[in-house]
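A.B. asks: Could you build all of it, start to finish, from the sequences and the hints given here?
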Amino acid sequence: MRRSRLVGFLTSVLLAAGAALTGAATAQAAQPAVSGGYVALGDSYSSGVGAGSYIASSGDCKRSTKAHPYLWAAANSPSTFDFTACSGARTGDVLAGQLGPLSSATGLVSISVGGNDAGFADVMMTCVLQSDSSCLSRIATAKAYVDSTLPANLDGVYSAISGRAPNAEVVVIGYPRFYQLGATCLGLSETKRKAINDAADHLNTAIAKRAADHGFTFGDVRPTFTGHEICSGSSWLHSVNWLNIGESYHPTAAGQSGGYLPVLNSAA
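Residue numbers (mature numbering (1 follows the signal peptide of the UniProt record, and there is no 0)): -29 to -1, 1 to 239.
The calculated lysine to any residue pairs, modelled on SDA-like cross-linking and capped at a C-alpha distance of 20 Å, are: (1) Lys37 with Thr51; (2) Lys180 with Glu140; (3) Lys37 with Asp53.
Don't read these hints as lab results, they were simulated from the structure.
Small disclaimer: the values here were computed from a predicted structure and weren't measured.
C.D. replies: Written out as structure tokens, the structure reads:
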């Protein structure tokens, strides 16, 4: 074979191979990230309280189009998307009212729950309004609940999810630390801030353990929120808001898209 013909032949082979690889990559990229439907369960950290842009039909559940489940569904186009997370939900509320859409066709489930069971709102109100000692005492009570009672409550929810959606990848998403420590910041004392952060770690440890024991993936949002806590100067969390108390200590829209969504993306 003459050199010119050989070069032409090799070039055509390489181009064809490149086109085939490119086509395969394109086809792979076009596949949905999850086979089957997506169901988003949980509390206000999943529904999107604090992010605004609430879906009118969701009422007091305050499901937001800026919440990480909604953003993930918009980007990945699952075959179905059911958004049942609700502000204020405890484990019992998830069992009683959120599991309906789950089925053997469900490919992905995400859930954040446990904070309300442990008395999150009362802990924060106590720490904002009362003394350091009262704050630490209330946190100790919450930690004791997390150790003694919450694991069984989580087991009940996780077992129900597995039973109803046996083929689903389940991502259990945790909670951020609220405060950057060592920063000049008005409001709560450093003692309170550290105790609140420690309580978040304690809760996350318990949730992660139960998730692992059920074969679920734990999505830890603490790394993504690092540098964006309250007192950081670039917070992705609302501080106490006396005009809209329900949004206090919840992620902003930036916290949902920058703190929660990347964790769901990496786990799903």
